[in-house]
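Undergrad: Residue numbers for the sequence shown follow the working numbering, beginning at 19 and rising by one.
Derived from the structure by calculation, the hints contain no laboratory data. Only a predicted model underlies this, so the values are computations on that prediction, with no experimental measurement involved. The beta carbon of each residue, even a glycine, is placed where N, CA and C say it ideally should be. Each statement offered as a hint is correct.
Derived CB-CB ranges, DEER-like:
no.	residue 1	residue 2	range
1	71	99	36 to 46 Å
2	81	102	15 to 25 Å
3	81	23	14 to 24 Å
4	68	124	14 to 24 Å
5	40	122	31 to 41 Å
6	120	50	25 to 35 Å
7	124	49	31 to 41 Å
8	124	99	34 to 44 Å
9	33	85	18 to 28 Å
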Amino acid sequence: MTTVQTLQRARGLLSSLVDQYQPPAVKAVSPTQLRNMLVHVANMEARIASTEQHPENAINRLRAFSNTIERLQTPADAGRPLSNICLELVASLRFAADQLVADSAQPVAA
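Based on the sequences and whatever the hints tell you, model everything.
TA: Here it is in structure tokens:
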């Protein structure tokens, strides 16, 4: 799976989370913050697909997003689907960051 494919998967999971997540407390991550993450992931996907620049900013953001999603408090009555979305999203975001690190470490073919 390419980095772009991984980001596409993460974008789909994040979109599902935006649709289903209801914050349990005032200090929780808001749906607006989740939508902003979705925009950032889509922008990263487009930028990575079109440039050879070092993706340090994207790597840092993906890891920060995964940490934020990992800390999300899903209500007990939300059931497994929402929890599974969060777990899969965290894994996808971290995998994409790891792929970007690996891709940026490889020499560019002339």
